[in-house]
Structure formats: C-alpha cells, structure tokens
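Number of protein chains: 2
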Amino acid sequence: MATELSQSTLKEKSQLLTSLNTQNLLDSVDAFLFDCDGVIWKGDSLIDGVSDTLDFLRSMGKELVFVTNNSTKSRRQYAKKFHSVGISVSEDEIFSSSFAAAMYLKVNKFPKEKKVYVIGEEGILEELELAGFTPLGGPHLILLSIVLCTMLHLLQVGAVVVGLDQYINFYKLHYGTLCIRENPGCLFIATNRDAVGNLTDLQEWPGAGCMVGAICGTTQKDPIVVGKPSTFLMDFLLEKFNIPTSKMCMVGDRLDTDILFGQNSGCRTLLVFSGVTKESDLQDPSNQIHPEYMTTALSDILHLTNNKF
Amino acid sequence: MATELSQSTLKEKSQLLTSLNTQNLLDSVDAFLFDCDGVIWKGDSLIDGVSDTLDFLRSMGKELVFVTNNSTKSRRQYAKKFHSVGISVSEDEIFSSSFAAAMYLKVNKFPKEKKVYVIGEEGILEELELAGFTPLGGPHLILLSIVLCTMLHLLQVGAVVVGLDQYINFYKLHYGTLCIRENPGCLFIATNRDAVGNLTDLQEWPGAGCMVGAICGTTQKDPIVVGKPSTFLMDFLLEKFNIPTSKMCMVGDRLDTDILFGQNSGCRTLLVFSGVTKESDLQDPSNQIHPEYMTTALSDILHLTNNKF
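Those protein sequences? They're chains A and B, same order as listed.
Position in the first sequence (from 1) plus 37 gives the number in the working numbering.
Position in the second sequence (from 1) plus 37 gives the number in the working numbering.
Hints are computed from structural coordinates only; laboratory data are not their basis.
A quick note: this is a predicted structure, and the numbers were derived from the prediction, not measured.
A couple of the hints might just be wrong.
Chain copies aren't distinguished; within one or between two, either way the pair holds.
Said to hold, decoys possible - Calculated pairs, DSSO-like style, for lysine-lysine (alpha carbon to alpha carbon, straight line, at most 30 Å):
1) Lys284 - Lys149
2) Lys315 - Lys152
3) Lys258 - Lys99
4) Lys146 - Lys258
5) Lys315 - Lys151
6) Lys152 - Lys284
7) Lys118 - Lys315
8) Lys143 - Lys277
9) Lys50 - Lys143
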C-alpha cells in the first residue's frame with residue numbers, strides 16, 4: 038500500500054498519494070492516460086483492483102486513454118486483450134507505439150509505393166497495413182530474410198520500423214542494417230526504446246530498446262522515436278479528446294518513458310510501483326525524473342477516496 | 038592503385054603512400070600490425086598481393102603482428118585460417134579480441150569459480166577455456182538458454198562477454214541482460230563494437246556492435262571494450278616484441294577501430310581502402326580520425342618499393 042513507501046522518498050520532489058491530494062487530483066483532471074504493462078497488467082495477468090478503479094474513474098466522468106509503448110499488438114488486438122481480461126475499452130481509446138509508427142509515416146506523407154521493413158511483431162504489420170502501407174518482414178521472417186538480402190536493390194525499402202521482436206535473428210538485423218546504410222534517405226523509426234518489459238508477470242524481458250540498440254550499433258545512427266517519451270502521439274489525443282494537457286494525468290510505471298512523456302506534454306504525472314521502477318530507482322542520485330505523485334499501485338486511487346466500489 | 042585516389046583527399050591530414058614515403062616508413066618501422074578482415078582477407082578470400090607483401094616485409098626483418106577485432110575465432114583457429122590461405126603465421130603473432138576478453142579477465146584476477154556468460158562464437162569460448170575460465174552460452178545455445186533463465190540465481194555468472202554472434206536470439210539477449218542487471222558487480226565486456234564487417238567478400242554484415250548495442254539497450258550500461266580501439270592488447274604486444282610503439286605501424290581498413298587504436302597507442306598508421314572505409318568516409322566533415330598514410334591496398338607497399346617479389 039501507498040503508506041508502506043519509505044519516508045525518505047518524500048524528501049524528493051514527488052508527493053506520496055494521500056486521501057487529500059487524490060481528491061484534488063480527481064477534481065482537477067478530466068482525462069487519465071495509462072501505460073498498460075506494469076500499470077494495468079503484467080503480461081497477461083491483470084493487476085489487483087485495476088478493473089474497479091477504471092470503473093470508478095469512468096463513473097466520475099473521466100476520459101480514459103491507454104498509451105502503450107508495447108508494439109507487439111495493434112489497437113484492435115489491444116481492445117481484444119482488454120476484453121479478455123474483463124475490461125471494456127474501445128480501439129480509439131488505445132494509443133500504441135505500433136499505431137504511432139504508422140501515423141508517423143502517414144503524417145509525413147511517406148510514399149505508398151515504397152516498402153516498410155519491420156523488425157517487430159504483428160502489431161506493427163497490422164497498423165501499417167491499416168494505414169495503407171506495404172510492410173515487409175515481421176516476426177516469422179527467417180529463411181525469407183536470407184532471400185530478401187540478395188534482393189536489396191530490387192526492393193524499394195524507404196523506412197525501417199524497429200520494435201520489440203521476440204523472434205529477432207541475425208538475418209533480420211542484417212537486412213534492416215543494409216536498408217538504412219545503403220538506401221539513400223531510408224528512415225530509421227523506433228516504436229520505443231524501453232530497456233526491459235514484462236512479457237510475463239514473472240520476469241523482466243528485453244524491451245524494444247534491445248532491437249533498437251542493435252540497429253544503432255550497426256548503423257551508428259539515432260532513430261526517430263515515435264512512442265513515449267516522444268510527444269508525437271499527443272497531437273492525436275488532443276484532436277480526439279479536446280482536453281488541455283494540464284487537465285490530463287499520465288499514470289505509468291516507468292520514469293524514462295511514461296513520466297517523461299507526461300512531463301514533456303505538460304500533463305500531471307503519477308508513478309506507480311507495480312511495474313519496473315523500484316522506489317530505489319526514483320531515489321537514485323543519477324535519476325533526474327521525478328513524477329508529481331507516486332503510489333504503490335493504480336488501485337490506491339480507489340482506496341484513498343473511500344468510495345463505494 | 039594508390040595513384041587513382043582523388044587529389045582532394047590529399048588536402049586532409051593524411052598522405053597518400055608514394056615510393057618515397059613508403060621507403061621512409063619501411064626504414065623507420067620495426068613491426069607492422071595488421072588488421073585482418075578487409076586488409077588480409079575478405080571473408081575467406083585472400084586479398085590480391087597480400088601473401089607476397091607479407092613475405093617481402095619478413096624478408097626485410099620486420100616483425101608481423103595480426104590484431105583482429107573479429108572474435109569468432111581463437112588464436113589457434115586464426116593460425117589455421119592463415120595456413121589454409123597459404124600464409125604461415127604462428128599463434129603468438131595473433132592478437133584477437135577473443136584472446137583479449139580472456140586476458141582482461143585474467144589480468145583483473147576474475148575468480149575462477151565464477152562463470153562467464155558468452156554472447157558470441159567459438160573463438161571466445163576456446164580462449165576463455167584456455168585461460169582457465171568456465172564459459173556458458175556461445176553460438177548454439179537456444180533451448181538450453183530458456184532453461185538457464187530459470188536457473189539464474191543458481192549460476193554464479195560474474196561476467197558477460199559480448200562479441201559477434203551470427204546465431205543471436207532473444208533468449209541469449211535475455212539471459213545476458215538478466216546477468217548484468219541482476220547479478221551485483223557482473224562485468225559487461227565487449228570484444229569490440231565494429232558496426233559491420235565482411236563475413237563474406239560479397240556484402241557487409243552486422244558486426245559485434247550489433248550485439249553489444251542490443252545489450253547496451255537493455256542494460257543502459259556501457260561495456261568495457263577490450264578490442265580495438267582500446268589499447269588493452271598493446272601491453273601484451275610490447276611484452277612479446279620489445280619494440281617501442283613509435284617503431285610500429287598499424288595497418289587497417291577502419292578508422293574508428295584500427296586507426297584510432299594505432300593513434301591511441303602511439304603507432305604510425307596506414308589506412309587501406311580494401312575494406313569497409315571508402316575515401317568519401319575519410320573526407321566526410323564529421324570524420325575526426327585521419328591516418329598518417331593511406332593507400333588502396335596492402336600490396337601497394339610492395340609495388341611502390343620496386344622490389345624483386
């Protein structure tokens with residue numbers, strides 16, 4: 038529970054969530070933006086109390102938005118996952134980094150006749166197709182990629198999108214490297230650079246930062262990052278919800294993506310300790326990112342407001 | 038040929054190799070240090086004129102040393118490769134980054150009872166074993182690595198060595214990440230950070246910089262680099278050859294490893310354009326590394342001295 042957090046953290050800039058400031062936060066915020074992994078669920082397991090807390094916030098008339106850096110699913114696939122864990126969320130309340138990658142190409146008028154090579158999973162492929170682009174690659178490209186390598190100059194790859202890929206191999210990395218190094222003007226887009234994530238609720242696994250780091254290593258270039266902490270997706274949120282960012286609160290488990298995204302966008306911020314960040318990470322002298330509020334888990338919002346849920 | 042290089046490069050700090058300065062270089066240097074990939078061979082194909090040039094240099098009494106960042110082979114395996122392409126080189130004339138990784142652990146008194154997890158190929162495993170260490174992992178670790186992940190706290194991994202691994206996969210990256218992130222004091226050693234290399238003579242492939250970049254991405258740590266441009270190996274060379282570095286000339290095809298290694302060590306330097314560096318890379322305004330001399334290929338030394346070979 039929130040009260041178990043050590044008092045030493047209070048000396049930092051962040052405030053522990055209390056009954057009083059939770060009420061103030063609820064009074065002043067019209068939309069809550071949630072990260073998913075480590076806030077809503079861990080792998081496929083819903084975190085305790087999340088469902089009731091979301092119901093409570095909806096009952097108060099708050100807009101709920103889900104902003105996830107995990108690119109393995111499309112918005113449609115995320116809506117299905119929410120449904121499977123008993124939470125009703127519509128596709129257009131979900132802003133995933135897979136969607137962000139497709140929107141980046143669309144907004145920047147990427148030519149439809151050019152190909153997009155994907156080091157990543159189904160979510161990116163689906164979002165690219167929905168946006169009218171032609172993806173190559175994806176999770177199960179192994180032997181095909183060897184063939185592709187010999188066809189480099191036949192294929193008009195104009196962008197490489199790199200996200201989390203549990204099926205990463207040398208040939209995928211080779212082809213992505215060749216496209217970026219040898220095709221003039223080829224874009225290098227990263228869905229995100231999360232170091233690790235929770236693919237299951239048992240253990241941390243490499244995040245997209247792994248695959249992105251590999252391609253940085255071979256191309257010696259920095260990617261265009263479209264997921265958090267980049268504020269690229271905020272324009273889409275503002276267009277949909279028409280709420281100023283000062284009346285939004287970003288809730289996340291990660292300092293360098295969620296909280297930084299909230300701060301970069303001008304949102305209020307709440308860090309939860311149900312994911313990858315430990316209290317000691319926040320206190321570490323090397324950490325420069327301090328959320329406005331912090332608490333143990335999302336359900337503290339419910340418990341601290343003494344409501345009937 | 039050397040004379041075909043554009044005159045514009047001459048405006049930079051580097052001198053094109055000529056008959057005169059080649060003779061001066063030969064007169065003032067007692068040992069030639071060669072990179073292998075892109076200087077001696079490309080993949081398994083010997084570069085034209087290399088064998089005669091090495092014979093010529095030996096006939097002049099020069100010491101020959103081979104300093105390679107390619108960690109896929111051990112010194113013994115490199116000596117075998119030299120033999121297979123018709124060049125006689127002894128093991129102790131070879132200084133590979135696989136050997137460097139093992140020597141780094143030895144010099145730093147790494148405890149023999151601790152394990153070394155390897156993301157890399159046979160060369161690293163063999164050198165670690167020769168130095169008395171216990172490696173885990175290596176190229177063909179796929180299913181085993183899933184099992185290893187569940188045994189993390191049983192295995193006393195005190196160092197992770199990352200080099201070129203053509204069999205890279207998610208589970209290897211996961212295990213390496215866990216060791217560095219969760220085992221207190223676990224060392225993160227990179228054999229080298231070459232972006233690309235020539236595994237065949239046809240095309241560039243990802244170098245160790247790919248796998249090292251991936252682990253940097255998941256651990257957010259910088260590795261200890263033991264290969265070029267680190268001067269770690271120079272102490273071993275000095276001990277063996279007893280020649281001051283000012284009387285050594287480093288010959289390489291790569292600015293950020295070979296030439297920088299030479300300069301960091303106080304050697305003379307010669308860049309050859311038979312590998313990954315193009316003349317345009319040298320001229321690029323962003324390039325800060327300029328060799329003392331440059332030429333098309335190693336055999337120019339032979340051609341420019343009008344010798345009888």
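List of violated hint numbers, smallest to largest: Hints 1, 3, 6 and 9 contradicted; others consistent.
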